[in-house]
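Asker: From first to last, the protein sequence lines stand for chains D and B.
Under UniProt numbering, think of the first position of the first sequence as 1, with each following residue one higher.
Under UniProt numbering, think of the first position of the second sequence as 1, with each following residue one higher.
Just so you know, the hints here were simulated from the structure itself, not pulled from any lab data.
Remember, it's a predicted structure, so these values are computed and weren't measured experimentally.
No residue lacks a Cβ here, since even glycine has one placed at the ideal position from N, Cα and C.
Heads up, a few of these hints could be off.
[What the hints assert, rightly or not] Calculated cross-link-like contacts (lysine-lysine; reagent style DSBU-like; alpha-carbon spacing at most 35 Å): (1) B:282 / B:407; (2) B:830 / B:678; (3) B:830 / D:207; (4) D:207 / D:35; (5) B:678 / D:58; (6) B:338 / B:533.
[Unchecked claim] Away from chain B, derived, C-beta distances all over 12 Å, residues of chain D: (7) 34; (8) 35; (9) 57; (10) 61; (11) 139; (12) 160; (13) 169; (14) 172; (15) 207; (16) 208; (17) 237; (18) 245; (19) 270.
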Amino acid sequence: MASATSSSAMIPPGSPIQAPAEKPGAPPINILPSKLSQVYSYVHPVLLLTLCAVRFEKLVADPVQELLRDLPWLALLQISYVMLCLPPAGSTQATETVSDGEEKKKAAQRSPSSPSMTLRPGKPGYRRKHQSGKLDLAGALAKIMPAFLSLAISSLIATPILAVLLVLFGAPLTTHNPETVLCAAHMALLSATALVYAHGVDGHIWKEVWGIARPVDAVWGSALGTGLGAWFGAIPIPLDWDRPWQAFPITILVGAYVGHALGSLVSRAPLLYGKRIQFAPVGTEEAEKKTN
Amino acid sequence: MAKSIRASVSKRNRANLRKKIAGPAVDARTERLAAKLQELASQPKPQAPVKSEMELGAGKTADQTQGDDKATATGEEMDVDTKLKSQKKPARVQKGNRKPRNSIVFQSRFKTKKGPKRNFYQRPRSASPARVEVAGSIMAILQCGWATLFANLLLPVGILFFSSGFFPYKPLLPGLATFNDVERNAASPVFDKVIFMVVDALRSLIRAGAALPFTAHASSPTVTMPRLKAMTTGSVPSFLDVILNIAESDTTSNLAYQDTWLAQLKTRGDRLVMYGDDTWLKLFPGMFDRADGTTSFFVSDFVEVDHNVTRHVPHELAQSDWSAMIMHYLGLDHIGHKSGPRSPFMASKHQEMDAVVNEIYTAMQHEAHLQSTLLVLCGDHGMNDAGNHGGSSAGETSPALLFISPKLQALGTQSESPVEPLGDMQYYQTVEQADITPTLAGLLGMPIPLNSLGVFIPEFLDMWDSETQRLQILERNAQQLLNTIRTTFSNSAFDDDSLASGCASSADSGIEGAQCAWAQVQQLRSSNIAADKEFSTIGPALMRFSRTAQDVMSSTASNYDVSRLYLGLMVTGIAVLLVSRTVFYECARSAHTGVFLAFMIIGYGCMMFASSYVEEEQQFWYWIWTGWMFYLHVRFESSQPSSSGNTQSLLARFPALATLGLAISQRIIRRWHQTGQKFAAEPDIARTFFPGHPAIFWGLLILTYVDAGRHLFESLPFAILPRASALMITALAFMFKVNFVAADSPELLVNSFISRAMEIWPYNFSLVWQARLVFGGLACYVLLAFVIRKQSGVAQTPKALFHESLNLFLMMQSRATNIPLFLAFRVQAKILSAMSLEGMEVTVTTLILQYMTFFAFGGSNAISSVDLSSAYNGIGSYNVVLVGILTFVSNWAGPIWWASMSNLLHPQQIPGVHSPAALSTFHIAATLVSVMAACTALRAHLFIWTVFSPKYLYTIAWATGNHVAINLLGSIGLSYL
């Protein structure tokens, strides 16, 4: 907590840490303002956790089969989430809100306690866009394309990358390969779908993602939460309880799901929203834990 | 050449420029700075406001400018990178007014390899640079003030207090047991000779003939020496004996002055002979009339160690002058250590042992002088599924025990064989290992050794026909146990009158249980029982008392002095508090690293309370290192200027490569050794992959030696010809390692090109002299490093020379399969130095790496994982100090390497900014506190002697050996370089 506020409230006056932020980065992504979007954005993490909880026993019994079987459902949930709740990449938002974002950031720096007030200026834009989308089916169709595109990209590109990262972080290499790949696929769907949908393939933003320098929002928070959750998910594995669920991908995956849910919820808390995590992923994680 | 001239000219110009522009301001600032530093030095509170930090940075530049000037004047060459950086400096310092933090970053980036270290305590400029440097570096060690020093002095004190309370002292009765007159002619001896055949690590897998089989329960620690103690004295050896098992020649482990069944035989005037493991010779100096000891030196020796025993057997069986022959076979243990209990060598080894038993048994049947001989065949301990021992798994604590004699057929007991185990490795009725002593004493008609805690195995009572004799045997056993129990519980009364009353309510176990059982015996005695019924009534009562007494006395091995435990905890806690202030300010200054460090220390401390996390400690370090690597990645990613110049290195252009390289090398290191308990049997690189792929192994090994030789070569400050000595030393070290592998682990040489090369190689030196040559050469280099620091103008830093010599030394002391790890370390160190980390980041990085590499080398928190294979390099005869040092070095090779590397990685900076000593002291003190707290809180835990105590011992080694000796004293020593 203290570290998060100190890292975000104290740093701004031109420190070297903040140096990359001098460039106008993409602003944080907002959940669409319609009632349905707002409600579903809270229901979605709960749905994911329910999926995880309901299928848990099957997952323990036969991880590979179950992970494979759950993949379409997860994809469906993620697609409906991004379509319902997030603005697609390349929409008017990108050009429209850059200055907004800058303003917001500065406002947030001045009064970090009330950033929700400063969010308002961005809202009419979304509303306008959303209303126009509501009017005709074409708008909905326009969302389907990027949604499926993001699904394809995250499953085709993010999965191998995450699988490699999983191995580098300690997943077995000589055995359990299907488990690793499927776990990576789940994590990719959890983290990358929304990122791709909201940001497209903008190299600069992805560089920010790679450098963990995005401002906190629901999309980025859930992605980071997925990773951190998976990291913390490794903790129970060495215990000598000899339970079947201590096998390799299960705890990691459950951690990823829980982290995703927590991340998407916590990152929308007014205290954290819009701030850039720099240098201290663990510190932020602790802050997140305490805010809960 | 031209380039260097151009460089120096342009440099001088720039320096002049800087002097003119920044000079006056800087001078004034230096004045203020000196005053400020004086003030800072007098009260080392590093909460200096941001402004003063900025001034420090600026002041450094001023100083540096003059230093550069000097360097140019002496015509030293300067590499382009440094120059480019220094070129950018003034501008950045000016900016520093707006960005106060920049100054720190700049300081850490600014690394000059040349010129004397500058130092702000250097008030009079005329002072000799070397002296100031030394003073400065000592200040740097102690810059956090006396608090750190006191904390480090308190650590051993706390350890001593805690250990004295934790490892209990058991009162031993001196002297030998003797019969009184009544006893002497009571029970006649059944046997007059005993052949005691120990098969090291023989698990409970026996086929019984005319014999009585048992599964003997060996209590932890299941290491040879404590087990032999248990079997000969009948006592339960304390945990400290494990350490003494390693420090073999320690006189306290000597049993010459203790009462054993061997001593009893000896005082009777009998002769004893011994063949096999020379641990017996160390335990019983001068006890044996004929002996041939075998050292368990190369664990790869499956045949010779046993042949050395067996070849004496026919000869000794023909002799009739001895009354006890001890044989200790090591081969089975070696096979276990080398390739586990399911090794293909196991079956043939068991057959070999069978053949020996058969030979002896046949002799016992036919030879007249062996008519009443008892053959005891037993294992001293078992082995776990990986083939190791020392812990308390069922396989380790269930060695076989078999009494063989044609006479035993009289008992009429028939055992089925082979049998299915009843429980975990429990094939036959379980007895304690200590029970062997009173049983043997009874069967051979000797007094039971004074400190025995064994109970006569009741199956043998039928060897005596008369019930009075049987009762006599039990009576003797009970009396002897009563004596030991009286010595230990001197305040508990075992008098008749005090007992009879309170017995009904008391418990079955504990000292009250023993009192109660004894009271029952007394009651039965006082009541008049018909003589023929005495045995059937008093006998069970005596047995019950003996068993209870055994339980009570065995558990007194864990009688803690709780007040001392708390005292030790408190003293170490004070050490933590002493440094916590400095550490807090350190953490506050670099918040992110501080939070990570706090997270790590708290997590590690909590982990010490869970037995499985202690066993799997390596998982924590691998895990925390991935987290730290992630932090380094983010940190490096964001500190990179987005528009990197084209002159920058590959790493700077692709910063992702840096962490990727770190991650890949870490992943390889992680899989090098599967240690711990849970995953110990899974395949890894060192023990599974390399034996299957010797070509890859030897390729990597040679590559590592080439790399080491090249670095050593480059770090030497001479012309080409003398520098070639570095290559010679490296080649010699390589030769030594190859010869060592040929002796120690020949399986690595099978079908490899090295084995063919070795066949052609004509020369053959002794391993000892090869090692001495290499050690001597490396010692010369270290001396040289200390000499060349006095001569100014030497380009290579002596620290690098020291590190390279150390590198080769550590390679000498590492198992061959671990040596390629040094190559991985080199890669990691290169990447880390390219990342130009801040002081505190370097400290945390090397701290994690030290712990991580300890486990990567195959270490774990189990006593059995101590690697002794390189402990005798260059040593002809046993020497406690040298063997101890070499053992420590070979087990802590990774941590030592990184401790030395941390001195090279640390940015050269002014004292007062960062003190690694305080941080590492804080970490180790906090670890000690948590381990001590865990041992105190969980002292009744089932695993206290198998998990928590070994962890405590390892923590002591980490604190005294690795922290104080290597890290602190090492960096003080290196500061002279």
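Asker: Looking back at the numbered hints, which does the structure fail to meet, lowest number first?
Answerer: Violated: hints 6, 13, 14, 15, 16 and 17.
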